[in-house]
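Peer 1: Residue numbers (our numbering): 783 to 1296.
Calculated pairs, DSSO-like style, for lysine-lysine (alpha carbon to alpha carbon, straight line, at most 30 Å): (1) LYS1161 with LYS1279; (2) LYS1254 with LYS1190; (3) LYS1254 with LYS1239.
Source of the hints: derived by calculation from the structure; they are not laboratory data.
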Amino acid sequence: MPTLPASHPRDFSMDTLLRAAATRLAGREATVDGDQRLTYAELEARVEALARWLLAKGIGPGDRVAILMTDGAPFLTVVLACGRIGAIAVLLNWRLAPGEIAWICGNAEPAMTFANPRFTHLLAEAEAGEVIEVDERHDPQGAFEDIVTRSHDLPTWPDLAPERPLYMMYTSGTTGRPKGCLQAGSAVAASAMGFAVRRGFSPAERLLSVNPLFHVVGMQQVAAMLACGGTSVFAGRDDDSAAMLDLVHREGCTTTSAFPTICFPWAAMEPIRDGVMPLTNYTGGAGMGRPQIYEFIENDWDARVVGGYGQTEVCGFATFIDYPDMVEHPRSIGWPMAHVEMTILDPEGNQLPPGEEGEICLRGPSVMLGYWRNEEATKAALGHGWLRTGDLGTMDERGLGYLLGRAKELIKTGGENVYPAEVDAVFAEMPEVADAGCCGVPDRQWGEAVKAFVVLKPGMELTREEITARFKGRIAGYKRPRYIEFVDKLPRDPIGKLLRRELSARPVSEDQAA
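Kindly generate the complete structure, drawing on both the sequences and the hints.
Peer 2: Here it is, written out as structure tokens:
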């Protein structure tokens, strides 16, 4: 398998990948978005037209252009056009409230915002610059279609810095206000190429794009399709499992990172039709035990499952572990991709030997430039020459990494440390459990105690007593849940990350005692 160097040429960018694909694979499908299909030549032409139009409107290097749209070819076109002229795309989450959107716009100060009509009300309190409405149905008479299909005079082309920013994604704000994570086009391209190489992608790859493009996993996967010359099949906002499975078969999708909540129902929907299941690659999260969905995909579909670990600040997944290794090492996040280095540091920045617990740290060309207008947070995150992830972990002698949990989510009970991932991993192997997560709650005797939140599969039954019995002999007594609450669903962000801080805020009652 080809490998990537630890660094890339300074002019390596997403624009480089697009131009290369448009040259080598001009007639191949780049995107499928509802009833609209674009070849690489057509996508390149649209990006060029929009880039020229933006320059004519006075948008140039360093200017911010916000995007408040559903996933699809228009979203991708705006991002790539920004990259071509050196503008910075600000990727807005349409699930946020108007006040949250207003704060982000106040921080980023976009000169222009591209928005679907259904989302313009979210801009009511925001200083969003000129708002360009983009129809989701690809109306050939719409304003956006006119811009990207019409020729525009070329203004003076700006000089561009090699490591120019491409986009800003705002983090979830677990420590207060969200931070604008600024990524260079070269970083996104390095991450995309690393992803494509590690997964063995080719131009025949067809991605079922489910993860939102305003989040890092969605963007990384679509960028990986550009890197390998594959096709991004956008699922839109339809999260209906049956419709998604139909789309997989209709379009011959070969790879996805669809959430387990989408994939689980497929087991009862005859996912293999006429002896065929097109999906041959599945990428999910690592370091959380051995989720049953992975076993189902690997064995029932005969697909290759790979678990990954990463974060917004490193352009998405940075490590991978194959399913057989996941079975043998259920808490492992795997090995870093070819363009990434990983180590474990203590609080003073010293590298720790194999087996010692510390902070997982990463470095390489896909690490962020910093946080927008937040020098203090940037220095804290990029201290000692590494990206400090805030995650606790270890590495063994082979360089295999293990995730123990977020430093701020560590549960301290009776002087002992409990990593939530240890508890979650036990639940992941219970066949009755669809989802589970734990957190620390105040305890008069021990300082903190473990509380678990459990979602049962439809038709399944499981009591607190049965859960407690299954924990015995699996992990130490102080790590077992003292309280168990059965819930319909767990709070997760759009990329599936469990929001433990919301669990911690829920009340504890004695009837939840295990």
